[in-house]
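Please take these sequences and the hints and turn them into a complete structure.
Mapping to the numbering used here: the sequence shown position 85 is 85, numbers consecutive.
Possibly wrong hints are sitting among the right ones.
Claimed, not checked - Below are the BS3-like pairs computed for lysine-lysine, each with C-alpha atoms no more than 30 Å apart in a straight line:
| hint | residue 1 | residue 2 |
| --- | --- | --- |
| 1 | Lys221 | Lys22 |
| 2 | Lys99 | Lys214 |
| 3 | Lys170 | Lys22 |
| 4 | Lys46 | Lys170 |
| 5 | Lys22 | Lys46 |
| 6 | Lys221 | Lys88 |
| 7 | Lys88 | Lys292 |
| 8 | Lys214 | Lys22 |
| 9 | Lys253 | Lys99 |
No wet-lab data here; the hints were simulated from the structure.
Owing to the predicted nature of the structure, the values given are computational and were not obtained by experimental measurement.
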Amino acid sequence: MIVYSLKLYTPNFYFKLPANTKQILSYSIYIFLAGSAASILIDIDKFMIPQKEAISQTAFYAVAVFIATVVEIPGRAMFQIVNPLVAKALNANNFTELKMLYKESSLNLLIISGLFFLLINLNIIPFYELMDNPSYGTAVWVVLMISLSKLILMSFGCGPAILATSKFYKITLPFSIGMAFSVYFLNDYLIDLMGINGAALSTLIVVALFTFLKIIYIKSKLNLSPYSFNSVKTLLIIGSLFLIFENISFPFKGISLIIINSLIIGLVYTLAVYYSNLSGTLNKFIRNILRKLRF
1 MIVYSLKLYT PNFYFKLPAN TKQILSYSIY IFLAGSAASI LIDIDKFMIP QKEAISQTAF
61 YAVAVFIATV VEIPGRAMFQ IVNPLVAKAL NANNFTELKM LYKESSLNLL IISGLFFLLI
121 NLNIIPFYEL MDNPSYGTAV WVVLMISLSK LILMSFGCGP AILATSKFYK ITLPFSIGMA
181 FSVYFLNDYL IDLMGINGAA LSTLIVVALF TFLKIIYIKS KLNLSPYSFN SVKTLLIIGS
241 LFLIFENISF PFKGISLIII NSLIIGLVYT LAVYYSNLSG TLNKFIRNIL RKLRF
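Below, the structure written as structure tokens:
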């Protein structure tokens, strides 16, 4: 197929620097440095915990973080689609489209990631009970705080793409550096005070604070906000279901408990989201599934 393609169209290769080389290099350097600083936020906990706690605590923390990271899976898929649309809207100065993308991505990710948040945290204790080493269960609060920080990030929607692809991209570097330094100093204090729970709390505080600052920055520069009244309703549904199911005990154990718990939570959450009419996009998706199932 490659040979046939080359016969149909033979490309001409040549080396020539583009006219805007300086701007491209400047943008690339800023984004690279911002990404490098942001990566510190991911790994610094695992570096600092062994300095202050037993090495086994690092393993408990790493597993808990891995579990909590599942909350951001919907975002990874959506950003592959949304980010190019954000760049296109910014390039065309289409702020109506940008506003729609910002709000829709924020709300839909909050709803979908909210379900992941509930499924993880309401099943985490029976999940840990399946493990050979019961000490892993000491990281339950780590899972809760890290998954909450991921939920906050998802609620920001395509905000990071707006910052990274707009003319204000340079602000991403100070934000990333600020997050790295903040989490370092908070870890230094809170790990001594609370162990691995302190490391998780420092991450939650930094993510919440800097996400808020980024929202304020975008609002001040572009007059755009990701949240609406439906965002508040979604948070109320997530919080209410968490409190309700946290205090309900089912007469099952192990995998059976996790499966039944997940089915009930998923059904109740889906019904609550659907009948609250939070998202037209998700409601249409649910109706299409029900139609295919002939309900």
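Hint-by-hint comparison with the structure:
1. Restraint check for Lys221 and Lys22: the C-alpha separation of about 25 Å stays at or below 30 Å, so the hint holds.
2. Under the criterion of a C-alpha separation no larger than 30 Å, the hint pairing Lys99 with Lys214 is consistent with the structure, at around 16 Å.
3. Distance hint between Lys170 and Lys22 is fulfilled; the C-alpha atoms sit about 15 Å from each other, no more than 30 Å.
4. Restraint check for Lys46 and Lys170: satisfied, since their Cα atoms lie roughly 29 Å apart, inside the 30 Å limit.
5. Distance check on the hinted pair: Lys22 and Lys46 sit about 37 Å apart at the alpha-carbon level, beyond 30 Å; violated.
6. Of the supplied pair hints, the one linking Lys221 and Lys88 holds, its CA atoms being roughly 18 Å apart against a limit of 30 Å.
7. Between Lys88 and Lys292, the direct Cα distance comes to roughly 34 Å. Violation of the 30 Å bound is thereby established for this hinted pair.
8. Of the supplied pair hints, the one linking Lys214 and Lys22 holds, its CA atoms being roughly 27 Å apart against a limit of 30 Å.
9. For the hint pairing Lys253 with Lys99, the CA-to-CA distance comes to about 46 Å; that exceeds 30 Å, so the pair is violated.
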